[in-house]
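J.: Going down the list, the protein sequences come from chains A and B. According to this note's numbering, the first sequence is numbered sequentially starting from 1. According to this note's numbering, the second sequence is numbered sequentially starting from 307.
There's no promise every hint is true.
Restricting the straight-line Cα-Cα distance to at most 30 Å, the calculated cross-link-like pairs of lysine-lysine (DSSO-like) are [as the list claims (entries may be wrong)]: (1) B:Lys543 with B:Lys321; (2) A:Lys105 with A:Lys302; (3) A:Lys105 with B:Lys543; (4) A:Lys15 with A:Lys237; (5) B:Lys480 with A:Lys174; (6) B:Lys356 with A:Lys112; (7) B:Lys480 with A:Lys237; (8) B:Lys543 with A:Lys303; (9) A:Lys163 with A:Lys147; (10) B:Lys477 with A:Lys171; (11) B:Lys356 with A:Lys113; (12) A:Lys237 with B:Lys608; (13) B:Lys419 with A:Lys50; (14) B:Lys607 with A:Lys237; (15) B:Lys321 with B:Lys418; (16) A:Lys163 with B:Lys480; (17) B:Lys609 with A:Lys237; (18) B:Lys543 with B:Lys453; (19) A:Lys237 with A:Lys143; (20) A:Lys50 with B:Lys356; (21) A:Lys174 with B:Lys469.
Honestly, the hints are just simulated from the structure, not real lab data. Source: prediction; values computed, not measured.
There are 2 protein chains.
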Amino acid sequence: MRFYEEIASIREQVKSGSSFELPDSYRNIVICGMGGSAIAGLIFQDLFSKVPVTVANGYWIPDYVDENTLFIAVSHSGNTEETLYGIDRARERNAQIRILTSGGKLSDFNEKKIMIPGTFQPRSSIGYMLMPFLNTFGLMSEKTLEKLEDALTIIFNHENTIKAVAENLVKSRKIPLIFGLPPSPTIAYRWKTQFNENSKMIAHSAILPEMNHNEIAAIPHDLDPGRFEFFVAGTAKGRNLDRLRISQEISGFEFHGIPEIDYGTIPEIFASIVYGDLLTYYAAVARDIDPRDVSAITELKKKLSS
Amino acid sequence: MRFYEEIASIREQVKSGSSFELPDSYRNIVICGMGGSAIAGLIFQDLFSKVPVTVANGYWIPDYVDENTLFIAVSHSGNTEETLYGIDRARERNAQIRILTSGGKLSDFNEKKIMIPGTFQPRSSIGYMLMPFLNTFGLMSEKTLEKLEDALTIIFNHENTIKAVAENLVKSRKIPLIFGLPPSPTIAYRWKTQFNENSKMIAHSAILPEMNHNEIAAIPHDLDPGRFEFFVAGTAKGRNLDRLRISQEISGFEFHGIPEIDYGTIPEIFASIVYGDLLTYYAAVARDIDPRDVSAITELKKKLSS
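For reference, chain A alone in the conformation it holds in the complex (with noise of 0.2 Å):
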């Protein structure tokens, strides 16, 4: 399958109706995930915090885990090392556990479940990965969808200036700096890994406000600022829409955003990923290499099994 196909394959993911069965009773939330099966979980924890939500991407889990713990392990594979480690130490502690993947290992353990399609990429799976979590705590209706599917065509329809942008962007050879901003600044995160990941580009991404205290000190002043390239994965309101332009104007530099989304939250944050999804898709074709190839990942899990 084309990978220009794996990305357009969001407008069914996202009527995915899955939702988690949830346990009578918990106190807070761990989910346990890397790479592409970690986006979904960091967008949640953005999303909701009416318990604490903690997002363990690594061979741990926190010390509270307990009983009262609601354990999400996602695993696109279902053979992730330091996703399989984390959920047999959330067995030891009795959390109530529960599992999405595509199959591997995870499908055969016993736990609650829910199995998505195995047939994307891990990256290209984020509908099927994150509808589960908007589903089961709440936050999507009818209407939520209804706009998010007319974000998503938005989107769709912006291609060929994504695509002109990206096509610049790699025939400048400039690095994307991508800055995040609330409800969700995970989507520049996001942008960041897709860049590495489709377009085998180095990237980098911060925060607004966070940036306001660090980054700002250094981009009117750094070696050679012209050699990066300025993106907001999202739209800021409020006091972040002053601080977005005032950064700007400091920093000598325009940053270049998504269209202007008044859809709500949802919808703002797939119509980011969708952008950021076919920018890097669209710089991986510029630079005339496979967006759906990373072979580097492969053999580094190959050389770490040997």
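The hints should help you fit chain B onto chain A, whose structure is shown.
T.: Positioned in the frame of chain A, the structure of chain B alone reads:
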């Protein structure tokens, strides 16, 4: 005061015996702070998870904040806009509030507080801001303090090497890309912010093992990976040591690290902080710019309040 003395003052700062007065009971901890005042909270979050810890760095606090929350507001100046916003919200929810500041509006607040010296820049007060967390939650002992002082001695003895690394970095005009590691990946973020504020250089930080799922796909194939200088801010152990070794093989670059110090978590964290402080200080010196100056941040604050 010369900025070098601010960095060297860490030797005195770590002897600070300040502690927060703990409430009788609390179920979770929220730390509110930005920039140099957020780092202590982020490091503490890496190290402590007996109860959930969230660091709120922006105009928000978690929905779960209530009378069972220990809410710690950290602002060196005492006037940080986002932190003042956070403490107002925490009061509305009847959280149990503590303050860590050197003055400003926060010093007039009635809540129990720790006052620290306002002599240094916020980022140079990391010892004053981190020690209360370590003291209060049982992460320090006499023996740890002794080892910490030994670890600092090793780093300061290494100063000429660090200076040479900084000079080469500036001469090469490369962009620092710093990998953080457990137990405190935040240290790489600290280096990044120090490059921003001290050296006025854009820098990028990432985390191992997470970078094995994204950055590693980019480094060998980037448009120009030779324009980056790779650092490791910490000492890799166990499975992450294998990952680090293989990551270097696959990327084709050596990742420069701090000298190996096997002195335990807290001493190693401070050693790595000071390595980054000296590296970014000498990078500023090599560029012939003032490491103390952060006029862009001052200008931004002025424009925001006008």
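J.: Each hint: holds or not?
T.: We went through each hint and held it up to the structure:
Note on Lys543 of chain B and Lys321 of chain B: the hinted pairing holds, with a Cα-Cα distance of about 28 Å set against a maximum of 30 Å. As the CA atoms of Lys105 of chain A and Lys302 of chain A are separated by approximately 17 Å, the hinted pair is consistent with the 30 Å bound. The hinted pair formed by Lys105 of chain A and Lys543 of chain B meets the criterion: a straight-line CA distance of about 26 Å does not exceed 30 Å. A distance of roughly 28 Å separates the Cα atoms of Lys15 of chain A and Lys237 of chain A; the hinted pair therefore holds under the 30 Å criterion.
Of the pairs offered as hints, the one joining Lys480 of chain B and Lys174 of chain A holds, with about 14 Å between alpha carbons and a cut-off of 30 Å not exceeded. Distance hint between Lys356 of chain B and Lys112 of chain A is fulfilled; the C-alpha atoms sit about 27 Å from each other, no more than 30 Å. Pair hint Lys480 of chain B plus Lys237 of chain A does not hold up; C-alpha atoms about 35 Å apart against a cutoff of 30 Å. About 17 Å separates the Cα atoms of Lys543 of chain B and Lys303 of chain A, which keeps this hinted pair within 30 Å; it holds.
Taken as a hint, the Lys163 of chain A and Lys147 of chain A pair is honoured in the structure, with Cα atoms around 24 Å apart against an allowance of 30 Å. This hinted pair checks out: Lys477 of chain B and Lys171 of chain A have alpha carbons roughly 26 Å apart, not beyond 30 Å. With a CA separation close to 27 Å, the supplied pair Lys356 of chain B and Lys113 of chain A stays within the 30 Å bound. A distance of roughly 20 Å separates the Cα atoms of Lys237 of chain A and Lys608 of chain B; the hinted pair therefore holds under the 30 Å criterion.
A hinted pair counts as satisfied when its Cα atoms are at most 30 Å apart, and Lys419 of chain B with Lys50 of chain A qualifies at roughly 27 Å. Note on Lys607 of chain B and Lys237 of chain A: the hinted pairing holds, with a Cα-Cα distance of about 18 Å set against a maximum of 30 Å. For the given pair, Lys321 of chain B sits about 22 Å from Lys418 of chain B by alpha-carbon distance, which is consistent with the 30 Å threshold. At most 30 Å may separate the alpha-carbon atoms for a hinted pair to count; Lys163 of chain A and Lys480 of chain B meet this at roughly 29 Å.
As the CA atoms of Lys609 of chain B and Lys237 of chain A are separated by approximately 17 Å, the hinted pair is consistent with the 30 Å bound. Of the pairs offered as hints, the one joining Lys543 of chain B and Lys453 of chain B holds, with about 19 Å between alpha carbons and a cut-off of 30 Å not exceeded. The suggested pairing of Lys237 of chain A with Lys143 of chain A holds, with an alpha-carbon distance near 22 Å, which does not exceed 30 Å. Of the pairs offered as hints, the one joining Lys50 of chain A and Lys356 of chain B holds, with about 19 Å between alpha carbons and a cut-off of 30 Å not exceeded.
Restraint check for Lys174 of chain A and Lys469 of chain B: the C-alpha separation of about 29 Å stays at or below 30 Å, so the hint holds.
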